[in-house]
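*Asks:* Okay, here's what each chain looks like letter by letter:
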Amino acid sequence: MLGAIKRYLKIFLVYLKFAFMEQMGFRFNFFIGYLIDIGWLIFTIALINVFYSHLNNIVGWNYWEMLVLLGTFWIFQSIIYGVCVIGNFRKLPKMIWLGELDEVLLKPLNAQVVLSIRHIWFPIFLNIIPSIWFIYTGVNHSQPGQNLLNLISFIITLACGTLIVYALWFMITCLAFFIEQAENLPYLPQTVIDNITQYPIDIFTGKAKFFFSWIFPLAFAASFPAKILLKRLPSTYALYSLILAGAALYLSHLFWQFCLKHYSSASS
Amino acid sequence: MKKYFTLFKTYLQKYIYYRANAFIWAIFDISHFVILIIVWGAIYRTNTTVAGINYSQMVSYYLILSIIRELVYAAGGRNMIAEEIYHGQLNIYLIKPISYLKRVFIEEISWRLIQTALFFIPFTVLFLLVNKHVGITTTAVLSPLSIIALVFAFIISAFIDYLCALAGFWITQTSTLFHLKEIAFGLLGGLAFPTKLLPGVIQNINFGLPFYYIFSFPIEVINQQLTINQIAWRLIVQIIWIGLLMKFYQFIWRKGTKEYNAWGN
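Protein chains in written order, with this note's numbering: chain A, 1 to 268; chain B, 1 to 265.
No wet-lab data here; the hints were simulated from the structure. The reader is advised that the hints may include incorrect statements.
Unchecked claim - Simulated crosslink set (DMTMM-like; lysine to aspartate or glutamate; CA at most 25 Å straight-line):
#1 B:K14 x B:E107
#2 B:K9 x A:E100
#3 A:K91 x B:D29
#4 A:K94 x B:E259
Said to hold, decoys possible - So these bits of chain A aren't anywhere near chain B, every CB distance computed over 12 Å:
#5 L55
#6 G99
#7 V113
#8 L242
Claimed, not checked - Some chain A residues well away from chain B (every beta-carbon gap over 12 Å; in silico):
#9 A4
#10 V50
#11 G246
#12 S265
Bear in mind the structure is a predicted one, so any value in this text is a computation, not a measurement. Even for Gly, the Cβ is constructed at its ideal location relative to N, Cα and C.
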């Protein structure tokens with residue numbers, strides 16, 4: 001198991017290196033790409049500034065706490081979009097539709113992993129820097145004096161939350177095996193995931209809150225990690241996130257295997 | 001005129017064929033507004049009004065906005081013009097005896113019609129769920145002034161989108177401009193929140209910009225929040241913007257087609 005993780009980590013680093021080399025070859029495009037990503041980050045900040053100019057808190061979250069949530073959201077967003085969504089998920093339906101998966105399926109590697117990480121979009125990762133600064137500023141204003149356990153729990157929950165969302169997004173994208181010419185399928189979860197994860201999970205109540213916390217657990221992507229950092233949740237949530245991430249990844253693997261049975265190649 | 005009608009019919013058939021795609025976009029679009037309504041619902045749990053807007057008005061705002069977005073949010077610049085310039089496929093249209101702009105408009109309208117028709121499926125579900133909070137009357141929606149404001153809004157939105165695409169004559173990465181446009185629509189156009197929430201100074205500046213006239217103004221007309229005088233003045237501003245954008249489009253198009261290079265096709 002550890003050997004496999006090490007192997008795929010190595011492959012990931014190779015893809016990362018290739019992506020960096022390829023994208024730095026077109027520096028202007030790289031710069032433009034970054035401009036777009038930073039533009040959306042500024043948009044989010046402008047949005048909460050407008051909200052908080054009329055409100056003292058949103059469902060119990062003050063401005064600084066919301067900054068921690070947004071910083072966490074942007075780290076999650078940068079990773080999921082940079083690694084999986086932009087260069088990979090958005091291309092997958094067309095590959096399925098045109099019968100172009102053969103090239104990947106024939107490799108002695110896990111095809112699901114390869115199809116999820118082979119085209120990494122680098123510029124978005126630069127958003128992680130201001131995001132860390134948002135978290136730092138927000139925490140300093142609202143909950144200073146962090147301990148190491150809290151910080152580790154935050155990182156574990158954020159990483160697992162990202163994996164959970166990855167698994168859900170991948171499964172939805174795989175529906176392209178059954179829907180003809182649905183190239184925009186990967187965009188379908190985008191609006192739900194983006195909108196739900198950038199707001200506190202407390203906007204929901206009752207069954208909806210339970211659903212997005214434990215059944216379709218988007219709360220683990222940004223809300224729960226931010227709450228851990230703000231000492232509103234115990235560190236044990238890191239443990240729950242590990243279990244849920246494992247279950248979500250396994251489920252996505254099973255679904256991928258099932259979908260492959262419906263794939264017909266175009267003899268590429 | 002007949003040739004454009006034939007084009008319209010052809011594009012309509014094409015987009016009916018891609019109805020699964022259109023339906024996915026419809027779900028994509030509505031889910032954005034569903035979540036915004038939920039967010040505002042949570043905010044109104046502890047506040048009776050925000051900037052003088054109560055919950056019922058806010059829900060109505062997003063419901064109307066969701067329909068208006070389907071009707072007037074032009075994307076032909078990004079999906080057609082920018083792609084055709086980038087891939088050198090403009091030749092096909094330049095040598096045909098049809099106006100390129102009219103052809104793009106017709107394709108855009110065909111797509112909008114199919115998209116809006118399919119959008120009504122998830123919209124009806126949402127409407128039934130939040131029905132008790134809504135205060136929109138069908139007479140207000142179908143009033144001639146609302147329809148005129150919507151038609152003008154669509155033309156402004158289309159010209160802004162097409163102008164972003166024409167930048168493709170000089171630069172390869174036009175996507176930045178489209179993203180900037182979306183950010184401007186979100187913050188200044190009222191796509192993310194009612195423009196009344198903006199600080200006073202920005203609101204005043206916004207009245208001079210085209211973005212307010214695409215979403216916020218038609219919503220205010222439908223919601224009967226403006227006097228006849230205010231509507232008349234703002235319709236005039238819409239016409240001025242259409243004129244300015246059209247002239248600018250023609251100027252850029254003339255310059256751009258002189259720069260344009262393509263091989264084959």
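*Asks:* All the hints need checking, so say for each whether the structure fits it.
*Replies:* Evaluated hints:
1. B:K14 x B:E107: The given pair, whose Cα atoms are some 10 Å apart, holds under the 25 Å limit.
2. B:K9 x A:E100: 33 Å, violated
3. A:K91 x B:D29: The hint holds at about 21 Å.
4. A:K94 x B:E259: Given pair K94 of chain A, E259 of chain B is violated - Cα atoms ~33 Å apart, limit 25 Å.
5. L55: Per Cβ check, L55 of chain A is inside 12 Å of chain B; nearest 7 Å; violated.
6. G99: 18 Å, holds
7. V113: 26 Å, holds
8. L242: 28 Å, holds
9. A4: 35 Å, holds
10. V50: 5 Å, violated
11. G246: About 28 Å separates G246 of chain A from the closest Cβ of chain B, which puts it past 12 Å; holds.
12. S265: 22 Å, holds
Violated hints for the displayed structure, listed by number in ascending order: 2, 4, 5, 10.
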